Amino acid sequence: MLRFAALLLCAVTLAHAAAPAPPSIPPLEFRERVLGNGLRVVTLEDHSSPTVSVQVWYEVGGKNDPAGRSGFAHLFEHLMFKSTKYLKAEQFDRMTEDVGGNNNASTREDVTNYFDVVPSNHLERLLWAEAERMSNLDVIDANFKSERAVVQEEYRESVLANPYGRFHEAIAPSSYAVHPYRQGVIGNIDQLNAASLDDVRAFHSTFYRPDNAILIITGDFDQKEVDGWIDKYFAGIPRPASPIPRVTAVEPPRTRDASYRETGPNVPLPAVAITWLGPSARSPDAAALHVAAALLGNGESSRVNQALVYRGQIAQKASFGADLNVDSGLLIAYAIAAKGVAPATLAKALRAEIERLAKTTVPAAELAKVKLQLLTQALNERQTPLGKGNALGDAIVYRGGARYVNTDLDELMAVTAADVQRVLRKYLIDAKQVSIEYAQDTTAKAPGK
Amino acid sequence: MKAIASILLFAAPMLGAQPFDTAPPVAPPRPIVIAAPDVQTLPNGLRVVVAQRKGLPLVTAELVIRSGTETDPSQLSGLADLTAGLLTKGTAKRSAPQIANAAEALGGQLDSGAGWDRSYVVMTVTRPQLPAALALIAEVVREARFAAAELERARRLALDGLSVALRDPGTLAQLAADRSAFGTGTYGHSSRGTPASIARIAREDIVALHARFYRPDNASLVFAGDIDPKDALSLAQSALGSWKRPALPMPSARLDDTRAGKVAPVVIAMPGVGQAGVAMVAPTIARAAPDYYPGVVANTLLGGGYSSRLNLELRIRRGLTYGVSSRLDTRRTGGVWSIAAQTKNESVPELVAVSMDEIKRVAQAPAPADEVEARKLAIVGSLSRRFETTEDLAGTIASLEANGIPVAELTRAIDRISAVTPQQVVEFAQAHWRDANLALVVAGDATGFLDALRKAYPDLRVIPQADVDLDSPRLMKNF
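Read top to bottom, the protein sequences are chains Y and F. Quick note: the first sequence uses numbering that gives the first Met the number 0, first residue 0, plus one each step. Quick note: the second sequence uses numbering that gives the first Met the number 0, first residue 0, plus one each step.
Honestly, I wouldn't trust all of these hints.
Unchecked claim - Here's a subset of chain F near chain Y, in silico, CB distances under 7 Å, partners left out: (1) A22; (2) P28; (3) A99; (4) N100; (5) A104; (6) G106; (7) G271; (8) A288; (9) P289; (10) R314; (11) T320; (12) V379; (13) R415.
Keep in mind that the hints were calculated from the coordinates and are not lab data. None of the values given here were measured: they were computed from a predicted structure. Here a beta-carbon is modelled for each residue, glycine too, at the ideal position from N, C-alpha and C.
With the rest of the complex left out, here is chain F:
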């Protein structure tokens, strides 16, 4: 149908005046419009947050308890996640298989778990299934039975899952670096727990956590998708309106903010493993910190996205890794800054040295304005894409709720990122990174890199994989 036109072009591609050697100009942008989510509160204190999106008949409903992994007692890491996981494994009315069947008969999947500052139950369904999905969410949150047999089943699965995860050099290095950076502090442990802590958790620990934190005045119900605030409120009222708020106010959670200070690098020896995992971790700012947005830009410049300085240097220029990333994990009362990459064993010393140089370089001088501008646009773009699916949108709102940030921040975030200056970025790096005590952990076949790494870090400690204890601040059994 277009044959004539294409033959002409094909025959005479150079006749047109169009300069094909340069990209065409950019048209004026069309605005990104983000509406503020609607927030209402039920009489029992449950916050109901609604982000309506017209289009496809799909809704994500997420119930967020604003307490999670940070409440794990020091000997019982993994408690909040195990508790949340068991919500769907039996209620007063239904067994675990019956719950899974009921959820999946609605077309969705009932997921639950815990992370920092949050425990959640979430489901995405087509609009007609929403009332039944919400009733199911309410049932598992309020009437979970925590049967002993289900706890044992979940414990075995968690232990088997950990035995796999801890054989992955990237995962092991990351978990060990968290512990190394925070010592006995709360942020040193993992939401998944350790083999020893999972073995210790008893049913009464779970029941107590549930009684303490699962209450309507510590919860937010987030809807994202094809539903208006009025319908959402009435659904919330019918499913969760009778959920009683306890007479006593919410107890304040314990948070041990120990930081390890300067620690010697650690090598976890994994003989025969074909690639090393490298992790560097340090404490960082909380989500509510005044320099949060400069921090996000600084972190993206260093190691966020494909075109960060770390990825440019380590992957694109040197071919040392499939990908390196730096993450600013800001939480309600603090944060964790971490850098992670995997590389062939013999490249570890080079990867570590280059990473350290790049971190320093961000603090040395303001980045060129065009580099900062590009990274800011990259952040704005990835933020906008978080609003494209109901699941991502609900998750983004749930995260604000968990961190105690007003959800209207969604409408301001793009302007705030856009306003960050190169000077603020360098100031952030100078304030937080120049003297950061980065805990370095490498998990890999140490024969490939130990001597070279020891030249740079004479104080490094080597721990055989079998002797690693993630519950110990020194990472070794019997310490």
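Isolated chain Y, as found in the complex:
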């Protein structure tokens, strides 16, 4: 669940990349307003295809799992497709997939977002339906239990069947000492089994409310018409009097290095991850960290890929990511070994690349390369109504305002070689690391024949 999401786009040109100059990127001409009940609304007209994306982002995620209910926010996300007062279970699929659209949702540590794409003549119905499940969720026990079983299969698929699933799940609990990010998002079978319908009702009334949500509509619509529909379907949803519970835990700086070892029953090649605590995605250092991460880990020509996979031939895969959250994030160096290579060798090589970047000035051409990569990737993302909506949602949740969608790339482009060195020193070289080694479990005698 690594996220490189906060790389957002704006009206810029790269002055110093290799000739010819990259194009100027037009800004996203969105509109914002806040309803009386606190619902934030962002709209962006785009008539390039006769489709529209409707997204509702709720500022609740894995970090808000109730005590003893690890994985609950994600389980709840699945239940939002079940019955409401006026919608049957799976009726969202009838209103999207069955008319040529689609829908899905995702849960991250900080946010849960629901996204629909429909032919634009269906927009009003989708607004009604999103308002309906914001107001009137009414899950029945049979649907709750079958969907919980689905989520447990999702857990088995991503954690138990995937040879590296247990490894990925070990990173958060090893890396955070106190912040609830440490519990991850997917949870575990036992705590999912402990969840009840009462938990579902309580979670909806606590977090699924207009003043904790962002409605994002992008694509083929008429602004005046859509404004009327938003008022009609959303403005009447009451804002609860109770405050929204917020996570207040602050992850303290690490005081020492630590290392952990994790095993799995089916691990063909060992792996290692090294993490450092990063700042919030809203930190002024975020842009420099994203550029540093791209230098180290973005693409085949990136430093860790060249050093570990290509030149050293000690890794099957190697990467580096700046996984920044609303609260503190993680900077993660990661590698899966080549056959016969020990995790300690990988860790040493990863650290050497980070030190080299921190201590030697990065060449201008290499810096220009990653900036153009980041710009092109961002441009790629905003080709569709869904992608534009995602960029807006990320800007609001992670950066603190939709306006950042049109300024963040300026910030990335302004990052200097000195900035890269400074943030690497601050967050990695002068800070404490946690390393997690992962290997085949050689002690357990597995059943079967």
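Position chain F against the provided structure of chain Y, taking the given hints into account.
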């Protein structure tokens, strides 16, 4: 700013005449407009296909060789993919790191690989970088060096990658079911090869494949995005116009169309694995078959998308899986129909039995008209979304080129899907599925399901994971 209006609504939500208990009506649809891509041919035979999309300054350029995994010799599976992968690992002018650097300095990523009926090199860049990107694509396709050291490096990476993939129960079940369904036939092997075949591939095999198939009259250059056909043609001419067409005509490729017939189900025993992978595979129609569109609708009804019958029954009603899908993989000279799902070990027998029932049910009676209508609209929608990004658009066109289907089919596909009737769907299922020899493979911790599965399939064979040989039609070493 809207406070007054919302307070009024908030205070009196029931006063309005609007019936909030039912969804509002649907407005009249706006048409989906798909322009036919432009097709031109250079004097050397290279087809240049252009789908212009105005808007963002982004272009995908994809060079497709219309030969791929189907040309792998039987002992050398993975050859076409390894060859395509090595294109970017050194040319007469540049080393592998220099190529990666050059590509990424343009903001894009130079990807290459092979699949069924195609080998490709593709890159997405902003419009100003396109001439340089195309020059790079031309260089790697024409001047790849295939250095011995790079082959060894690629071989090690491929072997390590396979060692990971073959530990995943879903992937292992799928690959084993392909082999089981096709026996020694060409479609029984994987584009990634096997540990044994990858170990056997020699540099001369790669050089020979490259010389044989990488030629302008067996290639299509696809552009999708912010470029007009005139500029595209002139770029193509300058980058690839001097690419010589060999004097001899293209050799015809060998394709062993062996099918295994009825085969016993196989259980691959993976002790301790926390979930089982289930795969069912049978031969199916080619892309050019006259009943292709009814087949697409029948397959979607059965197992395509979220609301298919299989997903409804296995995921939504029974909670047995995170997702099940059925795939109609139609190729130039045949096809592979496969159903795949993962479930906890003890649920395997139920998942298999329900899947078989659902397959039969499609062939038993025509589906209700509204169900067929909904699935057709779902297909039309997902097809339309394939035109939204330059990468997807180029990939869709590349796939038509690889399959030898005129690209103007893009403009007709929606009408053809829309015209499929429930009767055609049931006829497709009766013709192709009623007596299909589905090869069933389950990879998982067999202690959880073996006895129950054996009751349904007394002839099933159990193979320990360590003894699996994907090169053997019986899936076992020494066979």
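Against the structure, the hints:
Given the 7 Å rule on beta carbons, the hint for A22 (chain F) holds: about 5 Å separates it from the nearest Cβ of chain Y. The interface hint given for P28 (chain F) is met, as the beta carbon of that residue sits about 5 Å from the closest beta carbon of chain Y, less than 7 Å. The criterion of a C-beta within 7 Å of any C-beta in chain Y is met by A99 (chain F), whose closest approach is roughly 4 Å, and the hint holds. Because the beta carbon of N100 (chain F) sits about 4 Å from the nearest beta carbon in chain Y, less than 7 Å, this interface hint is met.
The beta carbon of A104 (chain F) comes within 4 Å of a beta carbon in chain Y, closer than 7 Å, and the hint placing it at the interface holds. The interface hint given for G106 (chain F) is met, as the beta carbon of that residue sits about 4 Å from the closest beta carbon of chain Y, less than 7 Å. Using the Cβ-Cβ criterion of 7 Å, the hint placing G271 (chain F) at the interface with chain Y is satisfied: the shortest such distance is roughly 3 Å. Hint status for A288 (chain F): violated, given a least beta-carbon distance of 25 Å to chain Y, over 7 Å.
A cut of 7 Å between beta carbons decides the hint on P289 (chain F): the least distance to chain Y is about 25 Å, and the hint is violated. With 7 Å as the threshold, the beta carbon of R314 (chain F) comes within range of chain Y, its nearest partner Cβ sitting at about 6 Å, so the hint holds. Hint on T320 (chain F) holds. Least Cβ distance to chain Y is approximately 5 Å, under the 7 Å limit. Here the hint on V379 (chain F) is kept, as its CB sits about 5 Å from the closest CB of chain Y, short of 7 Å.
Look at R415 (chain F): its Cβ only gets to about 15 Å from chain Y, farther than 7 Å, so that hint breaks.
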